[in-house]
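Undergrad: Residue strings, one per chain:
Protein chains: 4
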Amino acid sequence: MKKGIISDDFRKKLHVIIYEADTPAGRFFDLALLFVIIISIVAVMLESVTSIRLLHGKELAIAEWIITILFTLEYIARIVALKKPLNYIFSFYGIIDLLSTLPKYIDVLFPGLGFLISIRALRLLRVFRILKLSQFVGASNQLLMALKKSRVKIAVFLFTVVILCIILGTLMFIIEGPESGFSNIPVSIYWTIVTLTTVGFGDITPVTPLGQFVSVIIMIMGYGIIAVPTGLVTAQFMQERNENSNTQVCPNCNSDHHKDGANYCYNCGHHLHH
Amino acid sequence: MKKGIISDDFRKKLHVIIYEADTPAGRFFDLALLFVIIISIVAVMLESVTSIRLLHGKELAIAEWIITILFTLEYIARIVALKKPLNYIFSFYGIIDLLSTLPKYIDVLFPGLGFLISIRALRLLRVFRILKLSQFVGASNQLLMALKKSRVKIAVFLFTVVILCIILGTLMFIIEGPESGFSNIPVSIYWTIVTLTTVGFGDITPVTPLGQFVSVIIMIMGYGIIAVPTGLVTAQFMQERNENSNTQVCPNCNSDHHKDGANYCYNCGHHLHH
Amino acid sequence: MKKGIISDDFRKKLHVIIYEADTPAGRFFDLALLFVIIISIVAVMLESVTSIRLLHGKELAIAEWIITILFTLEYIARIVALKKPLNYIFSFYGIIDLLSTLPKYIDVLFPGLGFLISIRALRLLRVFRILKLSQFVGASNQLLMALKKSRVKIAVFLFTVVILCIILGTLMFIIEGPESGFSNIPVSIYWTIVTLTTVGFGDITPVTPLGQFVSVIIMIMGYGIIAVPTGLVTAQFMQERNENSNTQVCPNCNSDHHKDGANYCYNCGHHLHH
Amino acid sequence: MKKGIISDDFRKKLHVIIYEADTPAGRFFDLALLFVIIISIVAVMLESVTSIRLLHGKELAIAEWIITILFTLEYIARIVALKKPLNYIFSFYGIIDLLSTLPKYIDVLFPGLGFLISIRALRLLRVFRILKLSQFVGASNQLLMALKKSRVKIAVFLFTVVILCIILGTLMFIIEGPESGFSNIPVSIYWTIVTLTTVGFGDITPVTPLGQFVSVIIMIMGYGIIAVPTGLVTAQFMQERNENSNTQVCPNCNSDHHKDGANYCYNCGHHLHH
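Residue numbers (UniProt numbering), protein chains in the order written: chain V, 1 to 274; chain U, 1 to 274; chain R, 1 to 274; chain A, 1 to 274.
Warning: the hint list may mix true and false statements.
As the list makes no split between identical chains, a pair holds if one copy fits it or if it spans any two.
Unchecked claim - Simulated pairs of lysine to any residue, SDA-like, Cα-Cα distance not exceeding 25 Å: (1) K104 - L171; (2) K12 - A25; (3) K104 - N267; (4) K149 - F128; (5) K149 - Q239; (6) K149 - I225; (7) K148 - N184; (8) K104 - M145; (9) K104 - E179; (10) K84 - G269; (11) K148 - L158; (12) K148 - I225; (13) K148 - F128; (14) K148 - V214; (15) K104 - L164; (16) K149 - T160; (17) K84 - D22; (18) K104 - I167; (19) K84 - Y264; (20) K58 - C268; (21) K148 - V162; (22) K58 - S183; (23) K149 - I220; (24) K148 - G224; (25) K149 - I217; (26) K83 - L55; (27) K58 - V187.
These are computed hints drawn from the structure, not numbers from a lab.
Chain V extracted, bound-state conformation:
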């Protein structure tokens, strides 16, 4: 059962440390990884600030090399720990792991591609993997479930909003004219979305009375139709809650929806066995 130079035993141990979170070694590995990821993200951020880069560029470069080497070792370990590593390599996290490691090497080999260095921020996505050890999974699964069940309606809603924004954006372009901030239709659509979502940067604003009137209608629409996704998600959350609440059925009278932790049936007084 041996494969190359790596013994099955070693691979198993590595697998426990890297992929499992319930053992002390696995938990320690996850926490250490979380720590390195956060350090690495902070380093990426600080490096982008000109004044800090000028003062502490050397330290940041060293930190980046240490982090890159750690991530490289981890990436190799993840592949080694699996019998069939291809699934991992082409999985979502496999690609994220590679993108977290490569930029520094690319930066050395092809200095012209330096702008790619910021892709390292994708390392942050790896934090979600570590969360498997937390109690967060239950809560986030419930959230995702509720969002998934509303997804067709939310898609219809977003689709309608986008078409509306294209039509209204074109209208604003016709009204305000290409000499104003509404210089072309794509920019007008951008402005319409900025306004409808109530963000309102103010970099472009209508100046004609008619344009201001149409803006007002867009704003009131945006203010009102936010009720639709909110209502959908709320209704879904409440249904989830009801469905998950208590699935016990009274063996005597068949009534359901008992209170959590109830000992006796609310309808016939029969004892409920847990």
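Given chain V's structure and the hints, the job is docking chains U, R and A onto it.
TA: Below, chains U, R and A alone, put in the same frame as chain V:
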């Protein structure tokens, strides 16, 4: 049963292709139309961008002519496929179809009306017609139903908000005075709506302490009263859900939407078997 | 039973016309009044626009005099139509009616108080009185009822938000310092409310990293805690709906919560008498 | 039972006045304190406005000294009134009370630390203590309870939003480049949060088409995902309401929160009489 030069047989075939979505030919026609509409909208947008128009004006003009001719053929086919085409011609989609086709011809005949060319963006509305082939109809009908049932309350709410904005806008005009950005009452009302809906462009801002105080009240009102439409729509969505959840149908009188756990039909008193 | 020069009979007729909305005369009076109010508001708005005032100042002045005389006659008629007019004179609408009429006279007698002229916009509040003839009353009563029942919780919420804004505003003043846009504490509090309510004018923005960090916290708080009033009002709306739904009780088995328009009890099949 | 120079009797009387709100003396003390706190906050605010400080600096300084002395006396009285004052001194309100009093003394002793003077705004937090005498406690407890029960889900939501903002902020920095307003990653993340929460200051705005496209996605996300906290809190509020609506108490085991229409106690099976 013949009428002019078009045989009934040909008209029927055309009708199946154009107006029905369940046959292969009908589905292909709808998808092709969707494709042309999207291409045409993208062309309208690109044409409005000065730099693109200068570089690729010729190609865009050719594309526009091809699209216009296709839409013209489609419009003629839609009329020919119907025995009584007047209903179509004066329907909502009939007018949209005409407005999608005409602007280019008008542009050639009366070059002075060139600004009308952007009306072509209305072509996008035709996308909604094609959606009849999708599963979206069910979801959007439910959304529309919930919104319709809340419409009186939403109208009362919007009416009150608009009156409030007129009064508060006038108040801001009195406070800030015509020398500030609040140069007249319509502009002040525009600003009030911008603020109440939490858009906040910042093109006009209060500078007097009293004006800022009134602004703060407007903002907090806007932040709070958004709860009203949201609450209305949410409550309506949840009611819809409850009413639609029971799928039992009375075997006697065929009525549906029974209460969960009902033993007898609410309409005819017939016993419902579970 | 006579009182002065006005006969009881005349007063009764006047009362029917002015204060009642169910007779043809009363309905006509209300619609005419609504029309005059809207015309008068539009005139006030147009007058505030400098370019329009310069062009059509004369016509607007004449319109204003006609409207003022009509409102004066109406005010006198309202007093004459009542036996005890003092209740009306000191009521909310009585004061609004007076404030709708006086400004023009004051403007003539004391030209220095010209800025008061815009108080005429309060005329718009009179629109709410006319709404008594509409179906809107039911819907708006339901809205007001739901808001009233949540008012203690909404007050607690707003009070907490205001205190939070004062503390955070002072904090921003300390961080950004008096040389920035945050020139004093009241302005900083104003900015905090602008930010927390997600309005975000952008007339004042933080420039220090620490200030931007605190801003981010304020924004996320504002984005999140809007859930509180929304949740309160929604929960209240849904309770209203449940309570108002159907109060019939089956005379046979005593079960309630029947569907609206049900003929038979869902539980025992007994006939429900309407 | 004496302790130092303060008699037990005096301490008890003081305790009733300062710490209790049900006696006339206690209520008067609370109202007087509320009044002083509000005056002191207004004074702090006015002092920060340059024009007012120049005109009325003397009066404000005197007011500040009077307030500081009153607060000092109150702080001493609070300590004296307790047998074991250490709990108070290191409690939340004990520290707030000290921070409300110290700044003026520090300002005199170490004039260089003058910027600390604004810490006095923390005095406002003391208002929450006085609210113990109001009916607000019930309402605010319900609000806090509902928020607490949703806290894991809200934390998951906020955590996801923050990670999303970091990734999208970095993306915007890569797209718009360091020469634009997006001068470094922290600033880009700040801008992303400003946009996602729909605040939209407009101090930094995207100028490249790609940047505007990504902005649009951020805005629509922000507009949509606000449904999540709102839905969570609403669902929680409604559950609270349902659980609290039934006020029946089991005559046998005293348990409450029975289901509406329950015939038997869920806890002990005892029959509930309606």
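Undergrad: Each hint needs a verdict: does it hold in this structure or not?
TA: Going down the list of hints, with the structure as the test:
With identical chains, the CA atoms of K104 and L171 are at most 25 Å apart between copies only, with a shortest distance of 17 Å across copies and 48 Å within one. Taking CA atoms no more than 25 Å apart as the test, K12 paired with A25 passes inside one copy only; the shortest distance there is 13 Å, against 58 Å between copies. Taking the shortest alpha-carbon separations for K104 and N267, neither the intra-copy value of 58 Å nor the inter-copy value of 64 Å comes in at or below 25 Å. Proximity of K149 to F128 under the C-alpha cut-off of 25 Å is found in both arrangements, the shortest distances being 22 Å within a copy and 23 Å between copies.
Taking CA atoms no more than 25 Å apart as the test, K149 paired with Q239 passes in both settings, with 11 Å inside one copy and 17 Å between copies. Within a single copy, K149 and I225 get their C-alpha atoms as close as 20 Å, and across copies as close as 15 Å, so both meet the 25 Å cut-off. Within a single copy, K148 and N184 get their C-alpha atoms no closer than 36 Å, and across copies no closer than 35 Å, so neither meets the 25 Å cut-off. Neither within a single protomer nor between protomers do K104 and M145 lie at most 25 Å apart by alpha-carbon distance, with minima of 38 Å and 49 Å respectively.
Proximity of K104 and E179 under a CA criterion of 25 Å is satisfied inter-copy only: 23 Å between copies versus 46 Å inside one chain copy. For the homomeric pair K84 and G269, neither the shortest alpha-carbon distance inside one copy (47 Å) nor that between copies (51 Å) is at most 25 Å. Taking the closest pair of Cα atoms, K148 and L158 come within 25 Å of each other both inside a single copy (15 Å) and across two copies (19 Å). Taking the shortest Cα distances, K148 and I225 sit within 25 Å of each other both inside one copy (20 Å) and across copies (13 Å).
When the C-alpha separation of K148 and F128 is checked against a cutoff of 25 Å, the pair qualifies both within a copy, at 19 Å, and between copies, at 24 Å. When the C-alpha separation of K148 and V214 is checked against a cutoff of 25 Å, the pair qualifies only between copies, where the shortest distance is 23 Å, while the shortest distance within a copy is 35 Å. In this assembly of identical chains, the alpha carbons of K104 and L164 lie at most 25 Å apart only when taken from different copies (23 Å versus 44 Å within one copy). In this assembly of identical chains, K149 and T160 lie within 25 Å of each other by CA distance both inside one copy and across copies; the values are 19 Å within and 20 Å between.
For the homomeric pair K84 and D22, the shortest alpha-carbon distance inside one copy (23 Å) is at most 25 Å, but the shortest distance between copies (46 Å) is not. Taking the shortest alpha-carbon separations for K104 and I167, only the inter-copy value of 18 Å comes in at or below 25 Å, while the best intra-copy value is 45 Å. For the homomeric pair K84 and Y264, neither the shortest alpha-carbon distance inside one copy (48 Å) nor that between copies (47 Å) is at most 25 Å. Proximity of K58 to C268 under the C-alpha cut-off of 25 Å is found in neither arrangement, the shortest distances being 71 Å within a copy and 71 Å between copies.
Taking the shortest alpha-carbon separations for K148 and V162, both the intra-copy value of 20 Å and the inter-copy value of 21 Å come in at or below 25 Å. When the C-alpha separation of K58 and S183 is checked against a cutoff of 25 Å, the pair qualifies only between copies, where the shortest distance is 21 Å, while the shortest distance within a copy is 45 Å. Taking the shortest Cα distances, K149 and I220 sit within 25 Å of each other only across copies (19 Å), while inside one copy they are farther apart (28 Å). Taking the shortest Cα distances, K148 and G224 sit within 25 Å of each other both inside one copy (24 Å) and across copies (14 Å).
Proximity of K149 to I217 under the C-alpha cut-off of 25 Å is restricted to the inter-copy arrangement: shortest distance 22 Å between copies versus 31 Å within a copy. Within a single copy, K83 and L55 get their C-alpha atoms no closer than 46 Å, and across copies no closer than 56 Å, so neither meets the 25 Å cut-off. Only between protomers do K58 and V187 lie at most 25 Å apart by alpha-carbon distance; the minimum there is 22 Å, versus 42 Å within a single protomer.
Going through the hint list in order, the structure does not satisfy hints 3, 7, 8, 10, 19, 20 and 26.
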